[in-house]
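Heads up: the sequence shown at position 19 corresponds to 19 in our numbering, and the numbers run straight through without jumps.
Don't read these hints as lab results, they were simulated from the structure.
Glycine is no exception: its CB is placed at the ideal position from the N, C-alpha and C atoms.
No false leads were slipped in.
Computed Cβ-Cβ distance ranges for the label pairs, DEER-style:
1. Ala26 x Pro6: 26 to 36 Å
2. His32 x Glu3: 17 to 27 Å
3. Pro6 x Ile31: 14 to 24 Å
4. Thr30 x Phe10: 14 to 24 Å
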Amino acid sequence: MGEFFPAQVFKQLSHARAVIERHLAATLDTIHLFGSAIDGGLKPDS
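Make a model of the complete structure from these sequences and hints.
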């Protein structure tokens, strides 16, 4: 995942993923990024 996002955004995504996994680990199958995230528009702390 890290090769697709700037380092600062990757750090934010990693933290968000950790929270999601902590709460939904038993049922989590996929995390889907959409919108500006895949268009290169995701900005740090957005």
